[in-house]
Structure formats: C-alpha cells, structure tokens
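Trainee: One line per chain: the protein sequences are A and B, in this order.
Taken in order, the first sequence gives residues 8 to 126; the numbers are from the numbering used here.
Taken in order, the second sequence gives residues 22 to 126; the numbers are from the numbering used here.
The set of hints was computed from the structure by calculation and includes no laboratory data.
Some clues are possibly wrong.
Said to hold, decoys possible - Derived list of chain A stretches under chain B, where covered just means 3 residues or more per stretch with a C-beta under 8 Å from a C-beta of chain B:
1. 51-58
2. 116-123
Said to hold, decoys possible - Partial pick of chain B residues on the chain A-facing surface, computed with a CB cut under 10 Å:
3. Ser53
4. Pro65
5. Tyr71
We put the CB at the ideal spot given by N, CA and C, even for glycine.
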Amino acid sequence: EVQLLESGGGLVQPGGSLRLSCAGSGFSFNNFAVAWVRQAPGKGLEWVSTISGRVNDTYYADSVKGRFAVSRDNSKNMVHLEMNSLRVEDTAIYYCAKARVTATPPDSWGQGTLVTVSS
Amino acid sequence: EIVLTQSPGTLSLSPGERATLSCRASQRLDSSYLAWYQHKLGQPPKLLIYATSSRATGTPDRFSGSGSETDFTLTIASLEPEDFAVYYCQQYGRTFGQGTKVEVK
Chain A
8 EVQLLESGGG
18 LVQPGGSLRL
28 SCAGSGFSFN
38 NFAVAWVRQA
48 PGKGLEWVST
58 ISGRVNDTYY
68 ADSVKGRFAV
78 SRDNSKNMVH
88 LEMNSLRVED
98 TAIYYCAKAR
108 VTATPPDSWG
118 QGTLVTVSS
Chain B
22 EIVLTQSPGT
32 LSLSPGERAT
42 LSCRASQRLD
52 SSYLAWYQHK
62 LGQPPKLLIY
72 ATSSRATGTP
82 DRFSGSGSET
92 DFTLTIASLE
102 PEDFAVYYCQ
112 QYGRTFGQGT
122 KVEVK
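Let the sequences and hints guide you as you build the complete structure.
Mentor: Written as structure tokens, this is what we have:
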C-alpha cells in the first residue's frame, strides 16, 4: 500500500524556520517525483514545490522561491522541505504527494501537517 | 504563467442531478496535463481525472472530463451524497484553479 507521511509541522514565529519531512513507503520511491501542496485556512489548494525522482530537479511557486528549499534522500525514502523567513501567510496545512514525473498530477497524498506562523 | 479560472464558485444541486464544472486556462494547455481533484474537509485531495479525460484508479464512471486548448469541463452525471465537496483543476502538476464547491441544495 502506498503511504506518505508528513511530519515537522508546528508553531513558529514570523521570520523563523521550519523543516517538514515526508516519508514514503509502498512504492519505488526514487522513481517518483514528490510535490508539496498547501491549503491556508479558508483558502484553496496552492502548489508549493516539486522535486524529481532521481536527478533532483526542483521547482518552486513564486510565493516561496528563495525562502523554501526542497531536497530528498532516496536512501531513506524521505523528502524534506526547508522553510525559511516564514510569514504569517505561510500558515497552512502542508501535504506531500507523489507523482509519476514533475509535470504530472500527484496521485497519492499524505494526510498533511499543520504549520502555523504567528507571534 | 498559466492561470486557471474555475466557474461557478459554488454549485447548489440535489442528489441525482447533473453537475457541470468549468476550468478555463489563460493560454492554450496541452490536454495531457490537465487534472481534476476532489477535496473534502479533513481529508487530503483525491485525484479524479488526469490528462483531461482519463479516470484515476477508483474514480466512478459517473465522473467524466472533457475539453481542449483553454476550456475544460468536469461532469458528474448523477450526484451521489458522497460527491458534495470542493473540486479543483490543476495544470502540469502545478497551479490549481480556485475551486468549485458543490453543495446540497
């Protein structure tokens, strides 16, 4: 069974940093891209970032470019999202999801982890 | 950057009725890269349709997708109680539309 499990969410002050992790199992992890998608309270879905399976190509939404960095460790079936210079508007549930390649829609999703940026 | 605009914002229908949701792209889109998701409160999004018209595994056949270039449609032939949710289109695995809420009339 395909599973994705996010961790690392929590409360952080504006300007602070947080590192989210996504653990994958039940599939050939290094053969799939992983995307991060978030949903702010009362808002719709927003794509954040995607990392390819093997060659580590990375892509970012303009709203997080230069502040967030995505990486992966295929030996541990893990993807990480390093979030710096956090803003109140980054408050959201963050989902990780697997996709066949970077330009295709994610087909399996984790349950999400809540990030709250507040003073 | 391609912008996706969904309409209507809210669709109020009764079970058994047909739902037609629209997704319009700001520029021509390769139909291979347009997808639809269903999202319910407290759950992760669920992929329904990919490549404009292909059903994802487990998607009931009352859901169908169509369209080309800049205009795409998700149709739910006859609404079941579990279909009331928010629906999003997405392009190239990246930007989403703002969503259409299908609610009980």
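Trainee: State for each hint whether it applies.
Mentor: Here is what the structure says about each hint:
1. Counting residues of the segment 51-58 of chain A whose beta carbon lies closer than 8 Å to any beta carbon of chain B gives 5, which reaches the threshold of three, so the coverage claim holds.
2. Look at the segment 116-123 of chain A against chain B: 4 of its residues bring a Cβ nearer than 8 Å to a Cβ of that chain, three or more, so the hint holds.
3. Hint on B:Ser53 holds. Least Cβ distance to chain A is approximately 9 Å, under the 10 Å limit.
4. Interface restraint check: B:Pro65 against chain A, minimum CB-CB distance 4 Å, threshold 10 Å, status holds.
5. Contact between B:Tyr71 and chain A, as hinted, is supported at the beta carbon level, the nearest pair being about 5 Å apart and thus within 10 Å.
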